[in-house]
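Residue numbers (UniProt numbering), protein chains in the order written: chain A, 1 to 336; chain B, 1 to 336; chain C, 1 to 336; chain D, 1 to 336.
Think of the hints as simulated: they come from the structure by calculation, not from any bench. It is possible that some hints are incorrect.
The list that follows gives simulated cross-link-like pairs (lysine-lysine, DSS-like), each with its CA atoms no further than 30 Å apart [claimed, not checked]:
1. D:K275 x A:K275
2. C:K33 x B:K33
3. B:K275 x C:K96
4. C:K96 x C:K33
5. A:K96 x A:K165
6. C:K165 x C:K33
A short list of chain A residues far from chain B (calculated; beta carbon distances all over 12 Å) [stated by the list, open to error]:
7. R26
8. A53
9. D56
10. E147
11. G249
12. F277
13. S298
For glycine and all other residues, C-beta sits at the position ideal for the given N, C-alpha and C.
Protein chains: 4
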Amino acid sequence: MSEPIMNLAIIGAGRIAHVHAAAAARDPRIALKYVSDIRAEAAEALASMHGAASVDVDTIFADDAIDAVLIASSTATHAEFLERAATTGKAVLCEKPIALDIERTKAAVDVVNAHPVACALGFNRRHDPQFAALKAAIEAGRIGQLETLTIISRDPAPPPIDYIKGSGGLFFDMMIHDFDVARWLLDEPIASVFASGGVMVDPAIGEAGDIDTAMVVLTTESGRLCHIQNSRRTAYGYDQRIEAFGSAGMLQAVNETETRLRYTGEAGQLDEPPKHFFLERYGIAYGRELGDLYDAWSTGSAPKATHEDGYQSLRLAAAATQSLAENRSVRLDEIG
Amino acid sequence: MSEPIMNLAIIGAGRIAHVHAAAAARDPRIALKYVSDIRAEAAEALASMHGAASVDVDTIFADDAIDAVLIASSTATHAEFLERAATTGKAVLCEKPIALDIERTKAAVDVVNAHPVACALGFNRRHDPQFAALKAAIEAGRIGQLETLTIISRDPAPPPIDYIKGSGGLFFDMMIHDFDVARWLLDEPIASVFASGGVMVDPAIGEAGDIDTAMVVLTTESGRLCHIQNSRRTAYGYDQRIEAFGSAGMLQAVNETETRLRYTGEAGQLDEPPKHFFLERYGIAYGRELGDLYDAWSTGSAPKATHEDGYQSLRLAAAATQSLAENRSVRLDEIG
Amino acid sequence: MSEPIMNLAIIGAGRIAHVHAAAAARDPRIALKYVSDIRAEAAEALASMHGAASVDVDTIFADDAIDAVLIASSTATHAEFLERAATTGKAVLCEKPIALDIERTKAAVDVVNAHPVACALGFNRRHDPQFAALKAAIEAGRIGQLETLTIISRDPAPPPIDYIKGSGGLFFDMMIHDFDVARWLLDEPIASVFASGGVMVDPAIGEAGDIDTAMVVLTTESGRLCHIQNSRRTAYGYDQRIEAFGSAGMLQAVNETETRLRYTGEAGQLDEPPKHFFLERYGIAYGRELGDLYDAWSTGSAPKATHEDGYQSLRLAAAATQSLAENRSVRLDEIG
Amino acid sequence: MSEPIMNLAIIGAGRIAHVHAAAAARDPRIALKYVSDIRAEAAEALASMHGAASVDVDTIFADDAIDAVLIASSTATHAEFLERAATTGKAVLCEKPIALDIERTKAAVDVVNAHPVACALGFNRRHDPQFAALKAAIEAGRIGQLETLTIISRDPAPPPIDYIKGSGGLFFDMMIHDFDVARWLLDEPIASVFASGGVMVDPAIGEAGDIDTAMVVLTTESGRLCHIQNSRRTAYGYDQRIEAFGSAGMLQAVNETETRLRYTGEAGQLDEPPKHFFLERYGIAYGRELGDLYDAWSTGSAPKATHEDGYQSLRLAAAATQSLAENRSVRLDEIG
């Protein structure tokens, strides 16, 4: 095996950092060297699980032997670390979002563009095998011209109210993933956004100034249409489906279950419920993100999702927020 | 069998008239007496198939022995015949729409309300066994509180351009059915409508002043949401699906196929395509419409869909048309 | 409509007779003239529902205006009525079996062969749309050469013990339908039968000298294989499936449900249970049997199933019975 | 992590050895130390991929630091290596079969029983998540009493004729897996076997003295029934299904596909074909076999499949072979 080793540092030692560290451990081409977290014990624990050292972030950016940085720290720190990774010439995989406001995001994006490095953003759904197969089938012309896209995306249960208060709202925190999927599959700039929504799941969410249920319609510059539907709660697990309708057919990505075992009894023919939440549903996808960064780092290929994708999805969230407030279709060019 | 016989006259002798006449022939409680059509030979042909007489419409309305009238003539004549049925005290099943404009519709509705008769409107989908089971499951509380409704409705192929020119447009001609399904399932007044759409199937449809693809979002007065999606063309037949999402679960009505036979070969596991179009898909539903009118006539029960439902759906079509033109959400109380 | 009218008499006035009478009423080409039953009131009731006369059987066979006889009386009378229908030159649809013993069956078959009339046997499954589509797909070469056939056939609940005592046993009473389906689809003489079975559902069935669960393997003369599996009880309704495996693919006929509505909740994704029993599952098939007889009577075409098919299936039941008793494969040429 | 490290040696360096070595590499509790193969370069290549040493087998059995041996060499060598592992006190995972003849197998089983070590046999299907869920559901009483079991198992294409000649025949080479699944799920001794089969796929298989298509019926000591169906070729990939029918319901394990993406077009609604063959279908299962051995080695738990299971399945293959030759049901107690 003549493939080079990519020396990796992870900033953050929370749940997602653990998922990525485990993926790194399974990939012989990636060596986890450092873990850093403001909670030193958390960093120490994760580092020791993988034979890495627990260090402060300055050590990471100062060490020329580090090829790549994975940013899985709190959202407020993403933009700064992203900029430091770019200016120190390190490949970077940054969890989304870069920042909750567009200005800060734009500034970071500008820095990365000024210091080109392999820069991947953690839009995990682009790495999901079923969604990737759907994307490939569209590109292969399986459905002719894609005309309408329908994305249904529902969480099993809302996050704590405190989380919601700092989340930027449903469009920035939850639908942001769907905006990215829409952009990825439509493969064309969005021209306008109409959003409507309400509070159906928990009045406390409304009291916190947010909504928990939403329907959005996107129109692309050429006039194609996309519907996105979100709910913060289901009775049955994580609901993640995509329907791509085109002139020559339709593609449907459906929910995954733990196994395909079917039970038939008095009540009917029962398939398992959808997988519970994102860690279960997108487990394979998380495992592929670092490999994608490795490819970008070693071959110069484009990551499946980049800082630019993060920026554009944020603009859609901002447009949706404005549309909901003003109850009208908002043009993307109204958004900074 | 002590059930009374309902003497029926059919106005119109086209395709749908034939479907209804066949349903009448299978129901021993219904006697088809008269058929009337401006094309005398057509009326004669249909009448002779069922042992009925071909007459002019005045004969129908003048004959006290006629209990019920089925209006399946051209759209422009619906309102007048509906009014005549009401004023002559006959039960009536009227194909939709009552009229293409709201004022004419409202006038006819007022006449019917002033002369109460059993008045059913031909919204066939309310009679579909699968949709009816979905409605019953909602009412039985199977999904708790209904929160969002998603209706996907696509025709296999667009009608001729000449038809489109006189159709009133996609919202009045095609989505009107989905508006009715939405009203039926949401069971609550609609507060506002947002519509977007475009021409993706055939530029000639655009040149005729219409669209062929549309996405609409309805908001009910209590804030619940409904998405409706239409296309005038699929590669695979008639696409008619409903998804009702609620606090305690989800119900999905899916496409019907001719049989459930599955073939597995090199290309994969293949189920039959959806049934081709409405006569195939809603064959059972058409067969039930006259029975529903019979029940209303003989027992005084309310028909599954009434002239009022026809009027309200038309208002939604008008609101959607205005929304598309003005690219904003339109409140229903803006519509007459 | 220049199609001739077929004047029909029904012998028997039980549940199946009612089903057939209703089918006759829906077909304008068939006129039900007589009903006969040893229970005069039952005959009277059915006759009056359809404007027919209640008569004794001699009247039926003596009336030259009667074109066709439907035999739905008790099994013990089938053979005699079948012979009388043939010798009086009437088309006949006989419920299966012709008789429970092979000798009596053979005698009746010989009489019919000596007096050729349109003679259909009530193997309803040949008329089922899904099974018919499977048969057509095999004949169209969809799966290349058919190599193995698997038939799973389970009743929702066992019949009363008294019925079982007079039924001839599971192979003659229940699997006889599957033997016919196997013969129909394999379209080649069966060479040998191996049967095994046991009592799992109800010990009383064993005490009555019968089994309630069975597995059979048929081998055709060219060496192809067929597996048939029966149970007298399920927890979930009528289980009727066929899998045809061939060199170029596989066809699977699956269970039917009342509607295709799917519910998703905490327990999973739930489709309706299979239709409850044969009247629900094969309702369409029953409705087609008389039409098939009409075609045979009016055009001389072969009915989908004939007296010969009844005889051959009975030989398979006899071979299975012997195989079970002797715990070995039995060659068909050992059976009379 | 206080879990002990299990030092592993692999005998054999073919395809399956590579699969197991990769699984070992992903498990931090397992250290691959040695690889041995009669083809030294093959051993060298595999060893170097994983930082192990290429050695002769004597070195493996002489090294007290080796805790476990994985036997993936040619079938003819399995029994001897299994015995050596047992007598040198090493845990062992042996690919199936132990030997092709019962006597040799019995001798090896006796040696293992005399020198108790953790001994796992490579019946990969017991480790498949879907089948394991089916087993767990049976044990949880989901279907009440299991009454009949149906196993359909078809390969995508036959192996080379030379392989077939040395394989021991379909029952020993292919159906052996299904015999093990049947024993595992029925959880009760088999009393008798009836087998029938033929040559439908390739006459050359018949000329080599084997069959390529088979149907078998097993009867347990308490009288329950199991059907197994094999074909050496499909048009659509690897067909691996199980249906467990019981007094309270039915469980069905169905084929796996690469993704669940569905395409709908003119021809119908198309799911992906089943995964191609065993490496794809049972990839997860292979990855779990070493973990199961680790558990047995470290905790003394029983492996999911043992040498005893290997022996008993071989007896079923022998009984099936005799049944096919003599065209009768063979009692297991006739087999040594």
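Quiz prompt | Those earlier numbered hints the structure runs against, lowest number first | solution = 3, 6, 10, 11
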